[in-house]
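Novice: In case you want the letters, here they are:
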Amino acid sequence: MRLLMWWSGRALSSAATLLGVSVLIFAAVRLMPGGFAETVLGPFATPEQKAELATRYGLDQPVFMQYGHWLAAVAGGDFGISMISRQPVGAELLARLPVTAELSLLAVAGSVLAGVPLGVLTAVRARPGGGGAAGRLLSGLGVSVPEFVLGSLVVFVFSRYALGLEIGAWVPFTEDPARNLATMVLPAAVLSVFAVSVTARTTRDAVMGVLVEPYVTAAVGRGESPWFIVRHHILRNAAAPVVTLLGTIVAYLLGGALIVEHVFNLPGVGSYIVQAVGRRDYAVVQAGVLLAAGVFILMNVVIDLLVGVLDPRLGVTAGRRS
Amino acid sequence: MRPIRLACGVAAALLATACAATGTTTQPSTGPQAEAAPGYLAVADDALPPGGTLNAQVHIDSGAATGYDPQLADVATTWQLLSLSYETLVTVGPDFGIEPLLAEKWETPSPTEYVFHLREDVSFSNGRKMTADDVVGSFERLLASESVWRGQLGPVRSVTKDGDHTVKVTLKEPYTPFLAALANVPAAVLPMKEINDRSVDPATTLLGTGPYVVEDHRQDVSWTFKRNEKYWAKGKPAADTLNITIAPEEAARIAALQNGSAALATLGNVDSAGMLAGARDVQVVTQATTDLYYLMLNTKAPNSKFADPKVRQAITIALDQQQIADIALGGKGKPSAVTPAGLPGACDPAALPSASKNADEAKKLLAEAGAENLTFTLSIYSTQPAPAVAQVIQQNLQQAGITVKIEQMDEASWSGKVYGKAPADFDAALSWFAGYADPGMVTKWWNPEEAGFNVGFMTPDKELNALIDAAGKEPAGAAREKALAAVCARADTDAQMIPLVTRPATVAYRSDALSPSLYSTEGYGNVLRLVADARVKKTR
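These protein sequences, in sequence, are chains A and B.
Going by our numbering, 316 is the number at position 316 of the first sequence; the sequence numbering is gapless.
When you read off a place in the second sequence, starting at 1, and then add 1000, the result is the number in our numbering.
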């Protein structure tokens, strides 16, 4: 029953959040400078052509009516029609989602596989000369360098020295897995640099917090090996903040994907939204942002559940058990 | 400390490599582009076997908001893509010569009559033979449409057929650019039988007589074209498949060229040629186009700073077009009058009234207009090389005591500001036109009564409009050159839209993967004009 109430609460708060996002994004795209008609149709368009375009997409109606129609359509699974391609936005998002999902998964995998060991290593070797300063420097750099700078640098360097990796030549995984990975490694690496740094820092702090716990001291006293202690006593107890962070990172990666997909010319959701913003393709921007918000909310629910599994004291119904 | 040193070393090495990559971009090439043959930058090697897949990358997709209808296409990027499936009666050859295409020949019994004899072996890609009815119907549809090209076709009185393979076009009055206007995609011959019986909607389906048929198109992602097996020109197209990837990021296109995943790419930044210098098997060529940068001075804004012609003339005098061409366009552009430089019969920009004056005279004009210490905002979009052009303008005008603030924005914001309302809400703005294939064509855009998009910032100049019309009627020759010179001089004095420099097109291809044909000059922004001739050597 408590779990049911928790789910109901989360569903309601998620719906409210999505509704808020929908209002914000709907208003934001209409506040952007530059008219859709001049952008979509070009300078040669006649006033009649502009009016016809506005009528076709319902953009000649009052804004609140436009919002109502759009919201009703979205609730029914219809994300509208792109003014540029004249194709359904939902179908195009679905076609592009695998690219962004693969990119994000690779980046998350990179963040976990590199960030967690790095964080543990810098925590257990937190002594002068133990490499902690280098770790902090690297993670500081990773947090500080924006994706468009790092991405451009990587594109320049790997244009000259490809090392078997490819830029600007994406192929679907189902068509050629090896070539697909060769085109995804670099963008995923660029996208994960920030996440690796943050994961490493968070892991380090969490591990250092656990290291001073009495049960760790007792394990040392029992003569257990350092890596046994790390595996059995530290990692699980330090995992909760790292897992929570990963939820935030996924949301961050969705934002970063906008830039990285554009820089590396990957046909994902991110580049779709960037192009749509540039061309004032309202339906695409609205649907893309709403989709990103939905993924973010879903990830937070998953993370809440996962944290409960890792540490029952922090579970979704833990507060009510005591 | 060793790890810190290592980290610093890696960072320094990365930066050094990047700097080395960009460090090759410094020397602009001012010499003429070497030609492979007269009028050609490259000529496809016919000895190579046909077939294969050609992978190309371009920076932008067609403007598909109006669909695929060629008659409504109004930007060069769309013409380029639609030209793979659609063809016109005549086409543009090397150095802007007009050549037969779907019409195997034509006659001009009088200055107002054109008789086209159609090829008899032409079919649409669905297999139906093209007839004179398709040509007549296409003309009538275009003339009844809201197409911007309707105005470029000139004063067409009637289009009639004489049998299945002859079409006669009668003009109300002589119009010299007529054939050049016929050579562009909006004047393509459409499958009128299918359009009329509604079995084909040209907005959603490409059905033409051209060398390729569309197999797949994902907006802003890619096009896949397959050879049109019913194409009338024997042995063409050479490549079986043409994949065109839309890659907005120039650096990604350069990378694709270098790693061989693209055999041909268009480049927008004049420095890109330098970046590819020394790249193995990559050839970079610069096509001289008639595309033309111009500066708009808004005379219609309330309290316009440019209402007084003397202020506008001072700005024209202070601009150094050669500097713009050399600095912002790496020496690849050419100073131009309203008739784009390079076109036969185009005006000499050095002969314009403003060309013989200097900065002191510009200051004097400003003083006479009471506009000393003139300050204005120049609105530009962020796509290169527009910002570089704007910076040179800013420095030029500073010499005459004019302060220019550059307002850089994304293209949508820029379009909204410049074309969104009348009167327009800007001081000055920078843009470019496709310059077309006849010097009497783009000059029409200096008449806001003909070019509706200018009406928000440009006041009609009756004298200029009359001169533009008169030049259109003059047959090619000395009298026409004189008429065009009068247009150029008047536009220079009117100075509401100031022509600056031509905008070059840079194309790069892999010589180990492709043997393309490319004209040295282009009027309709169509880098893929001769792609049916290209021979594929290998495909990655």
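Among these hints, one or two may not hold up.
To be verified - Okay, derived cross-link-like pairs now, DSSO-like style, lysine-lysine, Cα gap no bigger than 27 Å in a straight line:
id : chain 1 : residue 1 : chain 2 : residue 2
1  : B       : K1234     : B       : K1537
2  : B       : K1405     : B       : K1305
3  : B       : K1234     : B       : K1193
4  : B       : K1405     : B       : K1172
5  : B       : K1300     : A       : K50
6  : B       : K1421     : A       : K50
As the list claims (entries may be wrong) - Restraint ranges, calculated between C-beta atoms of paired labels, are given here:
id : chain 1 : residue 1 : chain 2 : residue 2 : range
7  : A       : T174      : B       : Q1384     : 35 to 41 Å
8  : B       : P1155     : A       : R56       : 15 to 21 Å
9  : B       : P1174     : A       : Q87       : 41 to 47 Å
These aren't lab readings, by the way, just hints derived from the structure by calculation.
Just so it is clear, CB atoms sit at the ideal spot from N, CA and C, and this is done for glycine as well.
Novice: Hint by hint, note whether the structure agrees.
Specialist: Verification of the supplied hints:
Among the hinted pairs, B:K1234 with B:K1537 is consistent with the structure: their alpha-carbon atoms are about 20 Å apart, no more than 27 Å. For a cut-off of 27 Å, the pair hint linking B:K1405 to B:K1305 stands: about 14 Å separates their Cα positions. Of the supplied pair hints, the one linking B:K1234 and B:K1193 holds, its CA atoms being roughly 25 Å apart against a limit of 27 Å. At roughly 47 Å between alpha-carbon atoms, B:K1405 and B:K1172 are farther apart than 27 Å, so this suggested pair is violated.
Our distance criterion of 27 Å between C-alpha atoms is met by B:K1300 and A:K50, whose separation comes to about 22 Å. Using a Cα cut-off of 27 Å, the hinted pair B:K1421 and A:K50 holds, with the two alpha carbons roughly 12 Å apart. The hint said 35 to 41 Å for the Cβ distance between A:T174 and B:Q1384, and at roughly 36 Å that hint holds. Taking 15 to 21 Å as the suggested C-beta distance range, the pair B:P1155 and A:R56 does not conform, at roughly 33 Å.
Under the hint 41 to 47 Å, the C-beta atoms of B:P1174 and A:Q87, about 45 Å apart, fit the expected range.
The earlier numbered hints that this structure contradicts are 4, 8.
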